[in-house]
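2 protein chains.
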Amino acid sequence: MAFPNVRIVLCNPSHPGNIGAVARAMKTMQLDKLYLVEPKVFPHADATARAAGADDILAAAQVCNTLDEAIGDCHLVMGASARIRSLSCPVVSPDACARLVKGENKTQQIALLFGREHSGLTNKEIDRCHHLIHIPSNEEFSSLNLASAVQIVAYELMKSRQGTDSDNLHTDLLECASSADVERFYEHLEQTLIKVQFLDPAAPRHVMRRLRRLFNRARPDIIELNVLRGMLTAMQNKSNEQQ
Amino acid sequence: MAFPNVRIVLCNPSHPGNIGAVARAMKTMQLDKLYLVEPKVFPHADATARAAGADDILAAAQVCNTLDEAIGDCHLVMGASARIRSLSCPVVSPDACARLVKGENKTQQIALLFGREHSGLTNKEIDRCHHLIHIPSNEEFSSLNLASAVQIVAYELMKSRQGTDSDNLHTDLLECASSADVERFYEHLEQTLIKVQFLDPAAPRHVMRRLRRLFNRARPDIIELNVLRGMLTAMQNKSNEQQ
Numbered sequence: 001m002a003f004p005n006v007r008i009v010l011c012n013p014s015h016p017g018n019i020g021a022v023a024r025a026m027k028t029m030q031l032d033k034l035y036l037v038e039p040k041v042f043p044h045a046d047a048t049a050r051a052a053g054a055d056d057i058l059a060a061a062q063v064c065n066t067l068d069e070a071i072g073d074c075h076l077v078m079g080a081s082a083r084i085r086s087l088s089c090p091v092v093s094p095d096a097c098a099r100l101v102k103g104e105n106k107t108q109q110i111a112l113l114f115g116r117e118h119s120g121l122t123n124k125e126i127d128r129c130h131h132l133i134h135i136p137s138n139e140e141f142s143s144l145n146l147a148s149a150v151q152i153v154a155y156e157l158m159k160s161r162q163g164t165d166s167d168n169l170h171t172d173l174l175e176c177a178s179s180a181d182v183e184r185f186y187e188h189l190e191q192t193l194i195k196v197q198f199l200d201p202a203a204p205r206h207v208m209r210r211l212r213r214l215f216n217r218a219r220p221d222i223i224e225l226n227v228l229r230g231m232l233t234a235m236q237n238k239s240n241e242q243q
Numbered sequence: 001m002a003f004p005n006v007r008i009v010l011c012n013p014s015h016p017g018n019i020g021a022v023a024r025a026m027k028t029m030q031l032d033k034l035y036l037v038e039p040k041v042f043p044h045a046d047a048t049a050r051a052a053g054a055d056d057i058l059a060a061a062q063v064c065n066t067l068d069e070a071i072g073d074c075h076l077v078m079g080a081s082a083r084i085r086s087l088s089c090p091v092v093s094p095d096a097c098a099r100l101v102k103g104e105n106k107t108q109q110i111a112l113l114f115g116r117e118h119s120g121l122t123n124k125e126i127d128r129c130h131h132l133i134h135i136p137s138n139e140e141f142s143s144l145n146l147a148s149a150v151q152i153v154a155y156e157l158m159k160s161r162q163g164t165d166s167d168n169l170h171t172d173l174l175e176c177a178s179s180a181d182v183e184r185f186y187e188h189l190e191q192t193l194i195k196v197q198f199l200d201p202a203a204p205r206h207v208m209r210r211l212r213r214l215f216n217r218a219r220p221d222i223i224e225l226n227v228l229r230g231m232l233t234a235m236q237n238k239s240n241e242q243q
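Those sequence lines, one after another, are chains H and W. Under our numbering, the first residue of the first sequence carries the number 1, and numbering increases by one thereafter. Under our numbering, the first residue of the second sequence carries the number 1, and numbering increases by one thereafter.
Hints in this document: simulated from the structure, not taken from any laboratory. There could be a bad hint or two in this list.
Identical copies look the same in the list; a pair holds intra-copy or inter-copy alike.
Unchecked claim - Capping the alpha-carbon separation at 30 angstroms, the derived lysine-lysine pairs in DSS-like fashion look like this:
no., residue 1, residue 2
1, K102, K124
2, K106, K159
3, K40, K124
4, K195, K124
5, K159, K102
6, K124, K106
Make the full structure from the sequences, and use the hints.
What follows is the structure in structure tokens.
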């Protein structure tokens, strides 16, 4: 397959038919890693029917109970979104997404997230993304079918792979921290901010989301994450001294 | 609608569900003219269900008995084809197709032909085409769903119309903090790290350089910088309490 380090992650899909159609869309574009986070129904005859020959993708699909299970080991996470939210991460077009994937070190795992049929990704899911993928569409009727959205993004990946142009964007080969490691940093950061009374857990406002957006943009590598964690530990120790 | 002179022509579609899915794919990309040449079944509840809100496209669809009826008044005809036939017309990619459409005089009618679910376009139909549209795909599994094929071509039309400079990785328009503001933040950060004894001014190693590199990558905006400064102030206040 073309992109062994790329996985398609469907969050909470309602219709098994759509899961099958996604598998088919993936296979036509040489993608084969499908993760399903809490699918309503799976496996199901409708999924197999709509897969139309991409049964191997369905058979190998990973069913996960949490998003963490599906993306914990990933270093780059991009989520498809029809709406551009006010407080969100940088937005890229599907072709820019493909260039990012192409420019990434092949040893890094990449997750492309797609949300529920009717409501898309939750804010919590979006907070795990480094970029949002926005598919240009009719502003008055932007409701792409789930498999159509996957099809377009997968098609751009296919195109970029075939493309001879090597204008590689974003090739700094940092050893990025994994999504799970970064998540632990955010927990540590939040605890520290509560401790120094910058963050009121009763009224957190958007502080953590803003900080997530900032650090997700930077994509800390492992050493940087260690420096940040060390900073937080020093701050907590200092606060503890006085108690 | 975006391309009033462009019509999607489905030749002999078997499944009414696919017709509905095509209508939906069209509408998401601002196309509204659908022609059906000898559909097996139409109208049908499956078509309406899969149209998912694009019923207006279905209601206005022209059902034709012959291809001639559907494309007779057209000046440019392009047909989608998975196989590249030996004796065929020039083959273009979906984005090249979009460029051809965009370059065409708006008074000229343009038809984009899509064939049967299982066998595509006949040679006779292909002979009516000026170009064949070939969607890049997995050579071992090129069976795109009919609506997916329409979706991809319509998406390229949409892209070309928006003239989205596809090289533009458009990060949302953050009002970046000025270099001087960021510099003040670094000073503040350094003082705080010294205070919590994370940073030893006598042996600073590379801590500040690492942190600069990280934050410079993220390019904080003004609000984010305020949040970071607020955090540092809270940490300093906490440290002061004990002195």
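Hints and how they fare:
1. Only within a single protomer do K102 and K124 lie at most 30 angstroms apart by alpha-carbon distance; the minimum there is 27 angstroms, versus 40 angstroms between protomers.
2. Taking the closest pair of Cα atoms, K106 and K159 come within 30 angstroms of each other both inside a single copy (17 angstroms) and across two copies (28 angstroms).
3. In this assembly of identical chains, the alpha carbons of K40 and K124 lie at most 30 angstroms apart only when taken from the same copy (19 angstroms versus 45 angstroms across copies).
4. In this assembly of identical chains, the alpha carbons of K195 and K124 lie at most 30 angstroms apart only when taken from the same copy (23 angstroms versus 34 angstroms across copies).
5. In this assembly of identical chains, the alpha carbons of K159 and K102 lie at most 30 angstroms apart whether taken from the same copy (11 angstroms) or from different copies (20 angstroms).
6. Taking the shortest alpha-carbon separations for K124 and K106, only the intra-copy value of 27 angstroms comes in at or below 30 angstroms, while the best inter-copy value is 45 angstroms.
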